[in-house]
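Make the full structure from the sequences, and use the hints.
My numbering puts the first residue of the sequence shown at 5, with every later residue one more than the last.
These aren't lab readings, by the way, just hints derived from the structure by calculation.
Glycine is no exception: its CB is placed at the ideal position from the N, C-alpha and C atoms.
Each hint should be verified, as a subset may be incorrect.
[To be verified] List time: in silico SDA-like cross-link candidates among lysine to any residue, alpha-carbon distance up to 20 Å:
1. 201 / 168
2. 95 / 78
3. 197 / 111
4. 111 / 178
5. 111 / 30
6. 111 / 13
7. 107 / 12
8. 95 / 168
[To be verified] What follows is a list of derived Cβ distance ranges for each label pair:
9. 198 / 47: 57 to 63 Å
10. 209 / 46: 46 to 52 Å
11. 45 / 19: 42 to 48 Å
12. 37 / 16: 27 to 33 Å
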Amino acid sequence: PETWRVKEGQALVGGAPDESLLSAAAGMLSRLDATDFPQETDLAAMGLDKPRLKVEIALTGDRKLELWVGAELSGGVFASQPGQRVWQVNKSSVQSLLQDPVKWRDKTLANVPAADVVRLEIRHGATRLAFERVDDKIWKSTGPQAVANLDQGKVQILASAFGNLRAESIVTGTTPGQTGLSAPTGVLTITSKDGKKTTLTVGAKNKQQYYVKISDQPDVFAVNAFYVDRFLKTPADLTAAPAPAALGHHP
5 PETWRVKEGQ ALVGGAPDES LLSAAAGMLS RLDATDFPQE TDLAAMGLDK PRLKVEIALT
65 GDRKLELWVG AELSGGVFAS QPGQRVWQVN KSSVQSLLQD PVKWRDKTLA NVPAADVVRL
125 EIRHGATRLA FERVDDKIWK STGPQAVANL DQGKVQILAS AFGNLRAESI VTGTTPGQTG
185 LSAPTGVLTI TSKDGKKTTL TVGAKNKQQY YVKISDQPDV FAVNAFYVDR FLKTPADLTA
245 APAPAALGHH P
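The structure is reproduced here in structure tokens:
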């Protein structure tokens with residue numbers, strides 16, 4: 005697997021890099037195609053006299069390439085390598101390269117194996133649930149709202165959800181009021197074997213994402229709603245279905 009590190013700008017990125025995002029960017033650059041060759045020759049008019057983005061690409065054999073990105077035009081942007089012909093490329097192809105440095109940071113929120121989780125706590129709305137592990141297969145409900153006939157499989161799924169839990173993006177330029185984190189939708193806490201607690205605070209829903217914060221990290225993240233909704237359970241959601249009635253015996 006590819007491994008990346010931040011060579012320059014560590015303070016701007018603020019942590020380990022997002023491996024998948026960098027691999028995707030490298031893949032995009034390896035097959036970047038022109039959609040047109042504009043007739044314009046004035047570099048200033050195309051924004052290439054002072055490019056808004058310069059990408060240095062290091063290749064094997066100590067080779068290097070440089071990509072300059074200039075002004076936008078309908079459906080695309082001007083781009084070139086220094087001293088070479090100007091191309092038009094799809095805006096979407098280079099859009100990911102234009103994001104804030106912090107958004108290149110790793111977006112892993114938690115990576116706790118299910119087997120290491122010994123306690124789960126769920127708070128949202130009027131719901132207050134807690135579960136403790138008895139052994140590798142059995143959990144018990146410890147309240148405050150007890151679940152009498154607990155569905156063991158569903159609780160195990162909740163415990164496994166903190167393994168490689170990732171956000172889709174890091175959110176910048178918002179306030180707690182805008183993200184809903186000043187009055188959270190829900191709070192999920194797990195306790196590991198070593199006693200460490202990890203808390204996911206869920207804010208407002210924005211289309212198909214929730215704003216969230218994770219303990220020990222100052223940033224606000226956007227997480228796919230599918231991964232958050234599976235935490236926001238009620239006692240009824242975690243109650244096992246009644247066993248089917250036995251068929252009567254007919255002589």
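Outcome for the supplied range 46 to 52 Å, where the beta carbon pair is residue 209 and residue 46: Hint holds: Cβ distance 47 Å, inside 46 to 52 Å.
Please verify whether residue 95 and residue 168 have alpha carbons no more than 20 Å apart. violated (31 Å)
20 Å Cα cutoff - pair residue 95, residue 78: This hinted pair holds, its Cα atoms lying about 9 Å apart.
Is residue 111 within 20 Å of residue 30, Cα to Cα? holds (18 Å)
Between residue 201 and residue 168, is the straight-line Cα distance small enough, at 20 Å or below? holds (16 Å)
Cβ-Cβ distance between residue 198 and residue 47: within 57 to 63 Å? holds (59 Å)
Is it true that the C-beta distance of residue 45 to residue 19 lies inside 42 to 48 Å, as the hint says? Taking Cβ atoms as reference, residue 45 and residue 19 lie about 43 Å apart, which means the hint holds.
Does residue 111 pair with residue 178 here, judged by a C-alpha cut-off of 20 Å? holds (18 Å)
Tell me if the straight-line CA distance from residue 107 to residue 12 falls inside 20 Å. holds (15 Å)
Please work out if residue 111 and residue 13 have their alpha carbons no farther apart than 20 Å. Holds. Residue 111 to residue 13 sits at ~17 Å (cutoff 20 Å).
Does the Cβ pair residue 37, residue 16 satisfy 27 to 33 Å? Holds - the Cβ-Cβ distance for residue 37 and residue 16, about 30 Å, lies within 27 to 33 Å.
Is the Cα-Cα distance between residue 197 and residue 111 20 Å or less? Measuring from Cα to Cα gives roughly 24 Å; hence the hint is violated.
The structure fails to meet hints 3, 8 from the earlier list, while all remaining hints are met.
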